[in-house]
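Residue numbers (our numbering), protein chains in the order written: chain A, 947 to 1361; chain B, 6 to 112.
One or more hints might be untrue.
What the hints assert, rightly or not - Which chain B residues face chain A? A few, computed with CB under 8 Å, are given here: (1) Q17; (2) T21; (3) M54; (4) T78; (5) R100.
FYI, nobody ran anything at the bench for these hints, they're computed from the structure.
Backbone N, C-alpha and C define an ideal beta-carbon position, used for all residues, glycine too.
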Amino acid sequence: MRRYSAFAIAREALRHHTGWNRAWRSRDPKKHYKVIVIGAGGHGLATAYYLGKNYGIRDIAVLEKGWLGGGNTGRNTTIIRSNYLQDPSAAIYEKSRSLYETFSQDVNYNAMFSPRGVLMLAQTHHEVRGYQRTAHANALQGVETEFVGPERVKEIVPIINIDGPRYPVLGALWQPRGGTARHDAVAWGYARACSGMGMDIIQKCEVTGVRSDGGTVTGVTTTKGDIACDKLAIVVAGHSGHLAGMAGFRLPIESVALQALVSEPIKPCMDCVVMANTVHGYMSQSDKGEMVIGGGADGYNNYTQRGSFHHVEETVRALVETFPMISRLKMMRQWGGIVDMTGDRSPIISKTPLGNTFINCGWGTGGFKSIPGSGWAMAELVAKGEPGPLAAEFGLDRFREGRFIDESVAAGVAH
Amino acid sequence: MLILQCPYCGIQCDETELAPGGQAHLKRHGPGSSDEDFEAYLFDRDNPMGVHFERWRHANGCGKWFLAARCTTTLEVFGTYSAQTTEPPAEIADRIRARRPNWEGRT
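Chain A on its own, in the form it takes in the complex:
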């Protein structure tokens, strides 16, 4: 793998850019791998990357039924934050946020991480108390956040309407080190780094069955033939229930559609991320100038990657109320992704009833921000066979034992 650098650009400029290689190799699968990771989205690739980097396991295939990063990794609104209430969530999301800070240097691929700050508006007295509590919890967890008043909100985001007719802004939870990153580049960067370590990334290779012998996984059946493995990592977000079915177990997960949309590009008007959970919408401005908008998930099971129009309508209505200046903006694109929701709205990084098979899923609407941390924790679980401190609380057994990590209450909706 040739390193990307300013020097490389200068060198290539002098020879008509003929020296760039493909970012990652494409090849047909081998007969056997030490570890197979199903799903070449951010989480799957991060799992493979940290297995190689932290544990020296490089005989890995990452299988993808479509194209790399073509699922939720390329469909989210790219928000990165770690201002969670519960300790296990704060720990893994903060690990993730801190890994994002050095991501570009680490994998030698510019993910354009922009720690522009994330503002979560408090628009009811209940929310004010909730976010004050979160700010105190974050102080104890070592996550830098601050509860700020409406005047400071107006200072951070001048285009906001703090005297909204329905829900005036009463304050906000401000995480200055949160922000955004280029989502495709995260997948591409990890893929290039994995390929550089000698791993195989195999696209258009759909897993159609999981083979096992005596309660332990032996391999997978795919559209490109049978592939044997010692260990299997299932990291497929919305399709987790489907893959779990093949592996012979059930999950506490329902898959629903979550939508996002972008406006036409406009001049820079907002240099942070704003989330308004009471009225249900969040917005940031991309480097191209588009306003990137997300809202709530649909309430019913759906695998179609398109959601209900009335959710778009609700989201836009809420944001026009919060940011009156966007009312004349045209929306350019709207799309949906399939998110896997668990009962307590927290993820699952766990061993499964099938031996040597591990699952990482249930990130729901909070998948992108957690990619590096999730991969880090999952790699430890796959390598050692037992969860490390980051993943320990996120086991499947927490549902039986009632140890929920109840972020559905703490985070409300957009989480």
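Using the hints, position chain B against chain A.
Just chain B now, with coordinates in the frame of chain A:
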């Protein structure tokens, strides 16, 4: 937009009139059941790619709960029926089989 017919008032409701209620035909396990059954009843869900049976409430209408059979990959609706049933009625199952010959039935 998803449109379901309320089996009680006969109205074709679009989804803004309805509240989704999750998987239908869950068998309740209460006190005295095993931990596994109780956990499965509370949390484990079918989540199929294909035919799904689910609960809906005609929230902005008659307010009644009813059940629907729907495909999660095409959003095709096979029919709606009374919530006072423990299994999908034969006519709904027949309609599903007509459209999905490979359907293996409710597992």
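Hint by hint, here is what the structure shows:
For the restraint placing Q17/B at the interface with chain A, the shortest Cβ-Cβ distance is roughly 16 Å, beyond the 8 Å limit, so the hint is violated. Restraint check, T21/B versus chain A: the minimum CB separation of about 5 Å is within 8 Å; hint holds. Hint on M54/B holds. Least Cβ distance to chain A is approximately 5 Å, under the 8 Å limit. With a least beta-carbon distance of about 5 Å to chain A, the hint placing T78/B at the interface is held under the 8 Å criterion.
Violation of the interface hint for R100/B is found here, the shortest Cβ-Cβ separation to chain A being roughly 19 Å, above the 8 Å cut-off.
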